[in-house]
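J.: One-letter residues, chain by chain:
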Amino acid sequence: MTEAILAANLNPGFRAEVQGLIGNFDFGNCLACGMCTAGCPYSDLIPGHDPRKFLRKLILGMREEALNDPYVWLCNMCERCTVECPMQVNIANIVRAVRGNFYDRSVIPGFLQKVVQEQLDTGNQMSVSQEDYIETLEWIEEELQEELEDPNYKIPLDKEDTDFMFAFNAREIKYYPADLQAILKVFYAAGFNYTISSKKWDATNLALFTGIDEDFYNIQRPLFEEVVRLRAKELIVTECGHAFRSCRLAYRKFWQGKTFPIRHILQLLNEALNDGRLQVKSKVTEPVTYHDPCNAVRKEGVFEEGRNVLKSFCADFRDMNPNKKFNYCCGGGGGLIAMPEFTDIRVRIKGQRKADQVRATGAKVVAVPCHNCMDQFNDITKKFELGTKNKHVCTIIQDHVVLPEKKD
Amino acid sequence: MGTINVKGKEIEVDEDGFLVDPSDWNEDVVMAFAALEEIDELTDEHWNIINYLRDYFNKFQTAPMVRKLCKETGCSNKHMYELFPSGPAKGACKLAGLPKPTGCV
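Protein chains in written order, with my numbering: chain B, 1 to 408; chain D, 1 to 105.
Calculated directly from the structure, the hints in this document are not laboratory data.
Hints may be right or wrong, so weigh each one.
The calculated label-pair distances, taken between Cβ atoms and stated as ranges, are [to be verified]: (1) D/V20 x B/A7: 40 to 48 Å; (2) D/V20 x B/K154: 42 to 50 Å; (3) B/R105 x D/E12: 23 to 31 Å; (4) B/P287 x D/Y81: 16 to 24 Å.
Beta carbons are placed, not taken as given, at the ideal position from N, Cα and C, and that holds for glycine.
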């Protein structure tokens, strides 16, 4: 497809404008080599899904063409292009800045903005009421008392001065309480000294994908304030790539308060395995593979930890190819899951890459340490009839950990 | 957008296969969804959950918490997945004719 570039229409200030939004990183040093497009898993599947061309439009000042490029919203912001770039141009970062600064909230695709608004209005993305939240926690507590055969088991709510505050995804409370139960069981097995807040507990933030930083920080800030209020030593985030990334990004970009580390739950579990707090009782025998969620892996460097945990608990661990920082996005990243107008592209076209990868491993279980990726995997598994089961890491290991009374 | 064929009639569903127009819902639609969701037979237990979801949605315009759903229908969370393999959010709600839940679902 050829597009004529009319010099008279170019807007030379546009490049500087976009550059100003990303800390003045000079993407004008782009060599136009096309490694980004070669690195993008979808550039040869979807016409116009082309990071190189998009970047050229910005650099040349093709303002209208850039802002009307469907790529702005179809890009998964996965940074697969960026790992190939010899000039370190972070296209995902640029896409996010463009999304967040040139469009009215009313034209953001799908239901992204609706969810952002619900988060701003209610403190969590599913508008779970305080009463429903507490009642669900009490239910999980009762279930765990039975499962752990420990009638004194309590979820440590609003405990001060603990090693960490655990924050999670609203859907774990609303729709998937069994996932939260599995996590808390593993925490119990490891004997962690932690807390969960009764007030602020949803770590997710869909403004990561709308790019509107005002919303982004207004959603994330109360979580940080809660860590400080409860004097927790650090913040641990559940198996949700975008929630983890949002916490880290908002903290680095905007947080001015008391400092504390933010870690992914798999970093914590790996540490606990290494120092013996978490022990392996038995191993999963089915072949298991591991999906690297872009937000945790490429963007925040957490990839060995999840593998180490799985290798400890699984007799037959199989890596996908490629993997770690070269892994392909599930196809649902960048908020695409929340844009139903692109469902066909997301599942049938983008999903194909991942389906092929999974199939090649011959695994029966796919460990998916991300809620967003999980939805995409469930859609792909159905669409391509993979016959695999998609599970969070904690769900996989929950029945294979040594519980306290059985420790030596 | 797409459609599913229910006894010769094309019924509109969204990109994720949820009903677009709630008034299209009837028992035949449930049967058609059940086949797509790999549910072999609809039992009283299924109907109990479907009816609860519909009542709740009509009252509050949102799906209930899984906690509420389990408590009110007497179905354990685990059994819910046996009845509706896609789970309460994507399985049971779809059969009950609710729109797809928004958010990270």
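J.: Please go over all the hints and tell whether each is borne out by the structure.
T.: To see whether the hints hold, each was checked on the structure:
| no. | hint | in the structure |
| --- | --- | --- |
| 1 | D/V20 x B/A7: 40 to 48 Å | holds, 47 Å |
| 2 | D/V20 x B/K154: 42 to 50 Å | holds, 45 Å |
| 3 | B/R105 x D/E12: 23 to 31 Å | holds, 28 Å |
| 4 | B/P287 x D/Y81: 16 to 24 Å | holds, 22 Å |
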